[in-house]
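Residue numbers (my numbering), protein chains in the order written: chain A, 1 to 305; chain B, 1001 to 1258.
In short, the hints are calculated from the structure, not lab data.
Beta carbons: idealized from backbone N, C-alpha and C, even for Gly.
Be a bit skeptical, because a hint or two may be false.
Claimed, not checked - With a Cα cut of at most 30 Å, we get these calculated DSSO-like pairs of lysine-lysine:
no., chain 1, residue 1, chain 2, residue 2
1, B, Lys1007, A, Lys70
2, B, Lys1170, A, Lys108
3, A, Lys4, A, Lys28
4, A, Lys55, B, Lys1256
5, B, Lys1134, A, Lys139
6, A, Lys17, B, Lys1250
7, A, Lys29, A, Lys4
8, A, Lys29, A, Lys13
9, A, Lys100, A, Lys126
10, A, Lys60, A, Lys99
11, B, Lys1007, A, Lys14
12, B, Lys1088, A, Lys139
13, B, Lys1250, A, Lys14
14, A, Lys291, A, Lys29
15, A, Lys13, B, Lys1170
16, B, Lys1088, A, Lys17
17, B, Lys1256, A, Lys70
18, B, Lys1088, A, Lys108
19, A, Lys108, A, Lys60
20, A, Lys111, A, Lys127
21, A, Lys111, B, Lys1007
22, A, Lys70, A, Lys127
23, B, Lys1250, B, Lys1007
24, A, Lys139, A, Lys126
25, A, Lys265, A, Lys278
26, A, Lys21, A, Lys217
27, B, Lys1170, A, Lys151
28, A, Lys111, A, Lys223
29, A, Lys4, B, Lys1170
Stated by the list, open to error - Listed next, the stretches of chain B that the computed footprint assigns to chain A, with coverage defined by at least 3 CB atoms under 8 Å from CB atoms of chain A:
no., region
30, 1104–1115
31, 1123–1132
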Amino acid sequence: MMLKIEGLNKIYKKDGKVALKDVDMNIKKGEFAALLGQNGAGKTTLINILSGNVKKTSGKVFIGGFDIDKNELETKRILGVVPQESGFDNFFSVEEVLKKQSGYFGIKNNKEYIYHLLNQLNLYEKKNNFIRELSGGMKRRFQIAKALVHKPEIFILDEPTAGVDIEMRHNMYDFLLELHKSGLTMILTTHYIEEAERLCDRIMVINSGEIVADEPKEILMDKFGREVRVSICFENPVDMRQWDLPTEFNGENAHNNQIDFKVDKAKLPSLLNAIASKRSDFVDISIEREKLEDVYLQLIKRRDS
Amino acid sequence: MKIFYNKIGFFTLLFREIHRFSRVSIQTILAPLISNILYLGIFSGILSTRSIAFEGFNYLQFLVPGLATMGTIFAAFQNPSFSLISQKYMNTIQDLNSYPISDLEKTTAFILGGTVRGTLIGMLTYIATLPFVKSGIYSPAFFFLSLMLTAFVFSSIGFISGLALDGFEKMNFVLSIVITPLSYLGGVFFEVSKLSGILSAMRFVNPIYPLVNLTRYAYLGVYEDNIYVHGAMAAVFIIAGFATSLIVFKRGTGIKIL
Ligand SMILES: Nc1ncnc2c1ncn2[C@@H]1O[C@H](COP(=O)(O)OP(=O)(O)OP(=O)(O)O)[C@@H](O)[C@H]1O
Ligand SMILES: [Mg+2]
C-alpha cells in the first residue's frame, strides 16, 4: 500500500472548522487516483496533512508504509507534492532552485535529470530565468518539475492544470500519463472532471470533509451511470404529441426532426422497438453513456439533500 | 546516534542562506560597513579635541571592537529573520516542511547562515577601521571566535523572530526597539559599568554586554568587570538561544498550521 489513511480528522484550531471527518483511504502502488470535490471540500487540507504543512487532529497516515508520526522524514523522501498555491523563490533562477531542491533531498549532481524534466515540461529555454519571469502556466509546470527532482514514489498534484492553456494542458496530460506508465503512484485533484475521467483509474469524491465515493472509475460509472442518452434524428419533422409512447419514455424535441431521451440502459431495447413501430425514417441515432461529470453531480446532489 | 540525518540537505540549506545574502551584497555587506565607518568618522571628529581614555587606550581604540560587535549583531540577526519573513511573503515557507532534513539540521543551518554573515561583517568592520585606528589585535583568534559566538547568539534570536513574526515592519521594530537600545546599553559606545543604578544593573541580563566585552578583550587585552563572568554569561546565552530556537521550530511556529 503506497498510501494508507485511517480515521483522519482535521479541525482547524483557529476557527474550529471541521475540514476532514473520519477519512479512510488506501492507494495501491501504481494507481492513478482522482480526488474530486467542491471548493472547500477538504482536498487541500488532506494533501497538506500528508506534506506536513497542516497538523492533523487525529487519525493515522502511512506513506510508503512509514507512519508520518514516527518516521516523518522517511515519508518526505518518497513524497512529491505540487501544491495548489505556492509562491516562488525570487532570489534564484529556475535551474538554481531545482539544484537546491535536489540538494534538500540529499541528491548531488542532478543536472541531467533536471534538464530532462525541464525538456519534458517545455521549460528548458527558461532555465536561467528567475521564476518571476515565467508566465503563469510556466510557473505551474515549474512546480511539477520541482516536485519531481527527487524522483518521488508517490506524486500528488493539487489542481495542476488551473490556469494552463489548452495545448499545454494536453501536453501535461501526456506527461502525467507517461509518469503513471513508468509505475509512479499518483493522486490528482481537479475541477475539470473530464481530466479525471481521462487520466485516472480510480475516483474518490470528497464532500464537506467526508469521502462519499471511492471506486474504480468503471464501477463508479456503472453504479451511478445507469442511464444513457439517446438522440434520434428523422428525415422529416416529428411532433412528440402525435405519438403515444409509454410514459416511462420521456422524450423531448431538441429540433424539429430530433428527439432526445434519457433512459435506463435496460429499457433501451423496448424504447427503440416502440419508436420503430411509429417511424421508419431514421437518419441518425446516437447513444451516449453518461459522463463522469453527471455521476459526480448526482453524488454531490444526493449528499446535499 | 548519527549526527546528520541528511548531510547534503543540511549543507544545501546552509549554502542557500549564504548564497541569498551574497546575491544582494550591496545591501547586506556594503551598507553596514559604510554605516560603521561613518560612526567612526563622526566620533573621531568629535573626539579629536578631547581625550577620553579607557585603561590607557584612546576612545577610538575602545570603539572599534564595539562597532565590530554591533555590525555582527545586526547582520546575524537580519540573515535568518529576513530570510524566513521573505519566504513568508513569497509563500514558499511551507517548502521547508517538505524536505527530509531533521529539525535540528534545519535550525542549525539557518543559525549558521546568520553566523557566517555576522562574523563576516564584524571582521570586515575591523578591517575597514584600520586606516583610522592603527593598532594591532591582542588576540586575533579570540577576536574572531568572539565575533562568531556573538553572531551565533543573535542569529538564534533572528531565527526565532523570523519564525514568530510575519512582516518586515515587525522585524524592524524588534531591531530598533530591542536590539539597538540593548547594544547601546551593552557597552558598544561606552563603559556600562560606569553608569549608575538600574541602567548599569541591566547589563547582567543583556546578551550584548558579555559579548562586547569578550570582543573588546580580544582586541585590547583589557576588560571591564570580570572576564570569567562574561564567558559564563555568553555560554548561557548561546545555549539558551539555540535551545529556544529548536523548541520554537519544532512547535511549528510560523510554518505549520494547527
Ligand atoms: N488555515 C485554515 N484555517 C481555518 N480553516 C481553513 C484553513 N484552511 C482551510 N480551511 C477551511 O477548511 C475547509 C477545506 O478547505 P480546503 O482548502 O481543504 O478545500 P479544497 O477542497 O482544497 O477546496 P478548493 O477546491 O477550493 O481548493 C474550508 O472550509 C476552508 O475554509
Ligand atoms: Mg484546494
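A quick look at each hint next to the structure:
Using a Cα cut-off of 30 Å, the hinted pair Lys1007(B) and Lys70(A) holds, with the two alpha carbons roughly 21 Å apart. Between the alpha carbons of Lys1170(B) and Lys108(A) the distance comes to roughly 37 Å, so the proposed pair goes past 30 Å and is violated. Taken as a hint, the Lys4(A) and Lys28(A) pair is honoured in the structure, with Cα atoms around 9 Å apart against an allowance of 30 Å. Under the criterion of a C-alpha separation no larger than 30 Å, the hint pairing Lys55(A) with Lys1256(B) is consistent with the structure, at around 7 Å.
Proximity of Lys1134(B) to Lys139(A) is assessed by CA-CA distance (about 54 Å); at most 30 Å being required, the pair is judged violated. The straight-line distance between the Cα atoms of Lys17(A) and Lys1250(B) is roughly 24 Å, inside the 30 Å bound, and the hint therefore holds. For the hint linking Lys29(A) to Lys4(A), the alpha-carbon distance of about 11 Å falls within 30 Å, and the restraint holds. Of the pairs offered as hints, the one joining Lys29(A) and Lys13(A) is violated, with about 34 Å between alpha carbons and a cut-off of 30 Å exceeded.
About 17 Å separates the Cα atoms of Lys100(A) and Lys126(A), which keeps this hinted pair within 30 Å; it holds. Simply put, Lys60(A) and Lys99(A) have alpha-carbon atoms about 33 Å apart, too far for the 30 Å limit, and the pair is violated. Note on Lys1007(B) and Lys14(A): the hinted pairing is violated, with a Cα-Cα distance of about 36 Å set against a maximum of 30 Å. Restraint check for Lys1088(B) and Lys139(A): satisfied, since their Cα atoms lie roughly 18 Å apart, inside the 30 Å limit.
Restraint check: the Cα-Cα separation between Lys1250(B) and Lys14(A) comes to about 19 Å, which is no more than 30 Å; the hinted pair holds. With a C-alpha separation of about 27 Å, the suggested pair Lys291(A) and Lys29(A) falls inside the 30 Å cut-off, and the hint holds. Taking the CA atoms of Lys13(A) and Lys1170(B), the gap is near 24 Å; set against the 30 Å cutoff, the hint holds. With a CA separation close to 24 Å, the supplied pair Lys1088(B) and Lys17(A) stays within the 30 Å bound.
Restraint check: the Cα-Cα separation between Lys1256(B) and Lys70(A) comes to about 18 Å, which is no more than 30 Å; the hinted pair holds. A C-alpha spacing of about 27 Å is found between Lys1088(B) and Lys108(A), which places the hinted pair at or below 30 Å, so the restraint holds. A hinted pair counts as satisfied when its Cα atoms are at most 30 Å apart, and Lys108(A) with Lys60(A) does not qualify at roughly 33 Å. For a cut-off of 30 Å, the pair hint linking Lys111(A) to Lys127(A) stands: about 11 Å separates their Cα positions.
As the CA atoms of Lys111(A) and Lys1007(B) are separated by approximately 19 Å, the hinted pair is consistent with the 30 Å bound. Distance restraint check for Lys70(A) and Lys127(A): the Cα-Cα separation of roughly 38 Å exceeds the 30 Å cut-off, and the hinted pair is therefore not satisfied. With a C-alpha separation of about 19 Å, the suggested pair Lys1250(B) and Lys1007(B) falls inside the 30 Å cut-off, and the hint holds. Between Lys139(A) and Lys126(A), the direct Cα distance comes to roughly 11 Å. Compliance with the 30 Å bound is thereby established for this hinted pair.
For the proposed pair Lys265(A) and Lys278(A), the alpha carbon gap of about 21 Å is at most 30 Å, so the pair holds. Between the alpha carbons of Lys21(A) and Lys217(A) the distance comes to roughly 23 Å, so the proposed pair stays at or under 30 Å and holds. Our distance criterion of 30 Å between C-alpha atoms is broken by Lys1170(B) and Lys151(A), whose separation comes to about 39 Å. At most 30 Å may separate the alpha-carbon atoms for a hinted pair to count; Lys111(A) and Lys223(A) exceed this at roughly 48 Å.
Simply put, Lys4(A) and Lys1170(B) have alpha-carbon atoms about 42 Å apart, too far for the 30 Å limit, and the pair is violated. Chain A is given as covering the region 1104–1115 of chain B, and this is violated because 0 residues of the stretch bring a CB closer than 8 Å to a CB of that chain, at least three being needed. Residues of the region 1123–1132 of chain B lying with their CB closer than 8 Å to a CB of chain A number 0, which falls below the three-residue condition for coverage.
When the structure is compared with the earlier hints, violations turn up for hints 2, 5, 8, 10, 11, 19, 22, 27, 28, 29, 30 and 31 and for no others.
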